[in-house]
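A.B. asks: Using the sequences and the hints, build the whole thing.
Position 118 of the sequence shown, counting from 1, maps to 118 under this note's numbering, and the rest follow consecutively.
These are computed hints drawn from the structure, not numbers from a lab. Some hints could be false.
The list that follows gives simulated cross-link-like pairs (lysine-lysine, DSBU-like), each with its CA atoms no further than 30 Å apart [said to hold, decoys possible]:
{"no.": "1", "residue 1": "82", "residue 2": "145"}
{"no.": "2", "residue 1": "149", "residue 2": "82"}
{"no.": "3", "residue 1": "82", "residue 2": "118"}
Listed next, with one range per pair, are the computed distances between beta-carbon atoms [unchecked claim]:
{"no.": "4", "residue 1": "26", "residue 2": "123", "range": "20 to 26 Å"}
{"no.": "5", "residue 1": "142", "residue 2": "94", "range": "23 to 29 Å"}
{"no.": "6", "residue 1": "137", "residue 2": "33", "range": "19 to 25 Å"}
{"no.": "7", "residue 1": "23", "residue 2": "100", "range": "40 to 46 Å"}
{"no.": "8", "residue 1": "112", "residue 2": "146", "range": "23 to 29 Å"}
{"no.": "9", "residue 1": "114", "residue 2": "21", "range": "24 to 30 Å"}
{"no.": "10", "residue 1": "18", "residue 2": "135", "range": "43 to 49 Å"}
Where a beta carbon is used, it is the ideal one built from N, C-alpha and C, also for glycine.
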Amino acid sequence: MKENVIKQVPVQERIYGLDIIRILSMYFVMLLHILLNGGILEAQAFTQLNTQLVACLYFLGVVAVNLFALLSGYLGINSCFKRRRIIELWLQVLFYSWLCLWGMIISQRDLGLMEIVKALFPTVFQQHWYFNAYLGVCFLAPLLKLGLKQLSQKLAF
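C.D. replies: So this is what it looks like as C-alpha cells:
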C-alpha cells in the first residue's frame, strides 16, 4: 500500500516553532536589504572585526531568504491557488514601486528614462525578483502538488 508524503493538516493546527522561524527569517531579510542598500558592505576592508560581523549578518540574510521560501512552500502545500491573491500581490508591487519612484522624483534625484520605465513596469523588468519567482512557482504549484501527492514515503526520503 502506498503512503502519500503530503498529509492533510487541519487549518486550525499551527506549528508555532515554524511561525517563529518565519518571523526571524523576515527580520534577517530586512537586515539584508539594509546591508545591501546602505553601503555598509563596501565601506570597510574585510580585515576588521566589525566588517567580518557585517559579512556574517549578510550570509545569514541570504540563508533567511531561502529559509523563508522553503517555509512558505511547506506551509502552503495544502492551500489552493487563488488568482485574487496573486493580483493583490501584483498591485502591492506596483504601488510600492510607483511610491518609490514618486519619492525619487520629489527628492529631485537624477533619473534616467530606463530607470523610470523599470519603476513603472517592475514585473516586466524583474525589479522585484522575489515576486517574479513567486509568480512562477504559483503557476507551477498545481503540477508540483500533483507530483508530490503521487510520491510515496519511501521514495521521498
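A.B. asks: Each of the hints needs a verdict: does it hold here or not?
C.D. replies: The hints, checked one at a time:
Taken as a hint, the residue 82 and residue 145 pair is honoured in the structure, with Cα atoms around 15 Å apart against an allowance of 30 Å. A hinted pair counts as satisfied when its Cα atoms are at most 30 Å apart, and residue 149 with residue 82 qualifies at roughly 20 Å. Distance check on the hinted pair: residue 82 and residue 118 sit about 27 Å apart at the alpha-carbon level, within 30 Å; holds. Remark: the range hint 20 to 26 Å for residue 26 to residue 123 is upheld by a beta-carbon distance near 22 Å.
One distance hint, 23 to 29 Å for the beta-carbon pair residue 142 and residue 94, holds here, with the actual separation near 26 Å. Checked against the given bound of 19 to 25 Å, the beta carbons of residue 137 and residue 33, roughly 21 Å apart, stay inside it. The given range of 40 to 46 Å is broken by residue 23 and residue 100, whose C-beta atoms sit roughly 25 Å from each other. At about 45 Å, the beta-carbon gap between residue 112 and residue 146 misses the expected band of 23 to 29 Å.
Between residue 114 and residue 21, the C-beta spacing of about 39 Å breaks the proposed range 24 to 30 Å. The hinted range of 43 to 49 Å is not satisfied by residue 18 and residue 135, whose Cβ atoms lie roughly 24 Å apart.
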